[in-house]
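**Q** Okay, here's what each chain looks like letter by letter:
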Amino acid sequence: MNDLRQKIQTVIDTEPVALFMKGTPQFVMCGNSDRALRALRAAGAPVTAVDILPDPAIRQELSSLSGWPTIPQVFVKGELIGGADIVEELASDGELEQKLADALGPDYRSERAETVVSV
Amino acid sequence: MCSATMTAVATEKLQLLLERAFPEATELKVEDRTGGGDHFHVVVQSASFNGVSLLDQHRRINDALADPLRDGTIHELRITTRGTE
Numbered sequence: 001m002n003d004l005r006q007k008i009q010t011v012i013d014t015e016p017v018a019l020f021m022k023g024t025p026q027f028v029m030c031g032n033s034d035r036a037l038r039a040l041r042a043a044g045a046p047v048t049a050v051d052i053l054p055d056p057a058i059r060q061e062l063s064s065l066s067g068w069p070t071i072p073q074v075f076v077k078g079e080l081i082g083g084a085d086i087v088e089e090l091a092s093d094g095e096l097e098q099k100l101a102d103a104l105g106p107d108y109r110s111e112r113a114e115t116v117v118s119v
Numbered sequence: 001m002c003s004a005t006m007t008a009v010a011t012e013k014l015q016l017l018l019e020r021a022f023p024e025a026t027e028l029k030v031e032d033r034t035g036g037g038d039h040f041h042v043v044v045q046s047a048s049f050n051g052v053s054l055l056d057q058h059r060r061i062n063d064a065l066a067d068p069l070r071d072g073t074i075h076e077l078r079i080t081t082r083g084t085e
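Here the protein sequences line up with chains A and B, keeping their order.
One point on numbering: in this note's numbering, the residue at position 63 of the first sequence is 63, and numbering is uninterrupted.
One point on numbering: in this note's numbering, the residue at position 15 of the second sequence is 15, and numbering is uninterrupted.
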């Protein structure tokens, strides 16, 4: 496994909620990434964002790891939840909050912090 | 080729790929969201989605559209899927 792939895998495995997106939460560069971020924020998720734009290889390695072709991609506790449409749909009926509570514990909101990591 | 024609061609291509992958679909729609021929919203309702997780429903759409996703025909994709139950 190459270095970049390993770094991406580590983010997926160790961050409670990983959002691979175009841009950063402070400067979102794509509508779908924005939709996913908003849905996660509304659910109070402790988002760790990774900007995939600096290097095309990030997206290639990520998609080859996850089997998911598009950006954004949301992982909770290492598990792929989906892209913007799924996260939005889950958020709209409260299922996202349930998933977060199941995976991270009922107090997941208390550790709320938005961070950005690079790979 | 003018851009309006390109747009129609891309929409038609996606429609065809989805029809091939979901011949049993009770609803199948490809919408060009911006008129630019690269931002699409696809809607598929199929009995084959019954009991299938949302993630796997979307995976099947992504699989059906793998080529246009890979070659850049699709710049942005929105997916709406539902079963028939």
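Hints were generated in silico from the structure; no laboratory data involved.
A portion of the hints provided could be inaccurate.
Ranges of calculated distance between the beta carbons of each label pair, as one might list FRET restraints [said to hold, decoys possible]:
{"no.": "1", "chain 1": "B", "residue 1": "Thr26", "chain 2": "A", "residue 2": "Ser110", "range": "22 to 28 Å"}
{"no.": "2", "chain 1": "B", "residue 1": "Leu55", "chain 2": "A", "residue 2": "Arg109", "range": "20 to 26 Å"}
{"no.": "3", "chain 1": "B", "residue 1": "Glu27", "chain 2": "A", "residue 2": "Ser64", "range": "30 to 36 Å"}
Remember, predicted model here, so these are calculated numbers, not experimental data.
By construction, the Cβ of each residue, glycine as well, lies at the ideal position given by its N, Cα and C atoms.
**Q** Each hint: holds or not?
**A** Hint by hint, here is what the structure shows:
Roughly 45 Å separates the CB atoms of threonine 26/B and serine 110/A, a value that falls outside the hinted 22 to 28 Å. Remark: the range hint 20 to 26 Å for leucine 55/B to arginine 109/A is upheld by a beta-carbon distance near 24 Å. Judged by the Cβ atoms, the range 30 to 36 Å given for glutamate 27/B and serine 64/A holds: they are separated by roughly 32 Å.
When held up to the earlier numbered hints, the structure conflicts with hint 1 and nothing else.
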